[in-house]
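Chain by chain, the residues:
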Amino acid sequence: MSQQEIELVFPSLNSSNYQVTSSKTPNYNCIAWAVNVDNRWWWPDQQNQYYWPKDIPREETLSAFIKAYSLYGYSVCNNLTYEKGFEKIAIYTNFQGKPTHAARQLTSGDWTSKLGKLEDISHKDLNVVSGQVYGKVSVIMKRSNPDF
Amino acid sequence: MNYYTCGSHKGNYPPSFFELNDIAVGEEGRLVTKAHKKFWEDYFVPISRETIPIFRFQYLKEKWKNGTAFYSSVSDIAMHPDYQQIIGMGTVAIYFILREMKENPDQWFWALKAITGEDPVKSEDRGDVKAMTKAWIKWGKENNYLY
Chain A
1 MSQQEIELVF
11 PSLNSSNYQV
21 TSSKTPNYNC
31 IAWAVNVDNR
41 WWWPDQQNQY
51 YWPKDIPREE
61 TLSAFIKAYS
71 LYGYSVCNNL
81 TYEKGFEKIA
91 IYTNFQGKPT
101 HAARQLTSGD
111 WTSKLGKLED
121 ISHKDLNVVS
131 GQVYGKVSVI
141 MKRSNPDF
Chain B
1 MNYYTCGSHK
11 GNYPPSFFEL
21 NDIAVGEEGR
31 LVTKAHKKFW
41 EDYFVPISRE
51 TIPIFRFQYL
61 KEKWKNGTAF
71 YSSVSDIAMH
81 PDYQQIIGMG
91 TVAIYFILRE
101 MKENPDQWFW
111 ALKAITGEDP
121 VKSEDRGDVK
131 AMTKAWIKWG
141 KENNYLY
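Those sequence lines, one after another, are chains A and B. 1 is the number of the first residue of the first sequence in my numbering; add one for each residue after it. 1 is the number of the first residue of the second sequence in my numbering; add one for each residue after it.
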């Protein structure tokens, strides 16, 4: 998808605050990409067709997503600014409270997001992809990572 | 407009008969041509989209792809009205879906499972879109939907 089309869907994005960082692929989604996985589509679907961590409820709730990421060492925090020694992720929810998107912080302090079936982007601010499609950031989680 | 792009039609008002230039064509001829063109655009194209399965599939598929490109939620992707209409096409859609996913892998797994009642994907391959696609293509060949 062209940058113009991406910017149409996310009006807060402009050439100064984001970059497309991959080609488009349906092989993984933002939920997997938040934990650096780029070969699986994660979703707690009731059909049981997609990957979801074992023993985590297969339900589209924020608590299920928090539990899933907890398995990877993340815990809920209330600070989205870059902290040395910590890797952070953000979970977005829509107006019904259903998770829609996740983003991961980079060592630069910017964030990386996989846009659905499309490209990855890096963006300066979490709010630039907030809005009608992804709703707003509901939870920030962090885990210790010496590379950060 | 994508709904013309399958089959032999390329999207333009197609019959060469109506591409006669104005030389030696009277006013009546032009009116008939205009009326036929209007008929083609207003009647045949929408009707073909509804009644000819491949046209219908292509039309719904494009709308679904455009409408869900930014989604990660499998349920939002699958509950999209155009995807549901493809499922509603029933077994007719299986060949179109398999042929499409062979060329352009995408989230067709919900639809295939809903239509066929089967799921040939191994549990360890859940979410692995490449492996899932491969499993369904194999299933399609074994069940004579693909050759």
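Hints were generated in silico from the structure; no laboratory data involved. You may find that some hints are simply not true.
No farther apart than 27 Å at their CA atoms in a straight line, the calculated lysine-lysine pairs in the DSSO-like style are these [to be verified]:
#, chain 1, residue 1, chain 2, residue 2
1, B, K138, A, K84
2, A, K136, B, K130
3, A, K24, B, K34
4, B, K113, B, K138
5, A, K24, B, K113
6, B, K102, B, K63
7, B, K138, A, K136
8, A, K24, B, K37
9, A, K24, B, K122
10, B, K38, A, K24
11, B, K138, A, K98
12, A, K24, A, K84
13, B, K130, B, K113
14, B, K134, A, K24
15, A, K24, A, K98
16, A, K54, B, K38
17, A, K54, B, K63
18, B, K63, A, K98
19, A, K54, B, K134
20, B, K65, A, K98
21, A, K54, A, K84
22, B, K37, A, K124
23, B, K134, A, K67
24, A, K24, B, K138
Some chain A residues well away from chain B (every beta-carbon gap over 10 Å; in silico) [said to hold, decoys possible]:
#, residue
25, V9
26, S23
27, P26
28, A32
29, W41
30, D45
31, Q47
32, T61
33, Y72
34, G73
35, L115
36, S122
37, V139
In this text the structure is predicted, and so the values were computed from the model without any measurement. For glycine and all other residues, C-beta sits at the position ideal for the given N, C-alpha and C.
Structure-inconsistent hints, enumerated in ascending order: Hints 1, 2, 3, 7, 8, 10, 11, 12, 16, 17, 21, 22, 23, 25, 27, 28, 29, 30, 31, 35 contradicted; others consistent.
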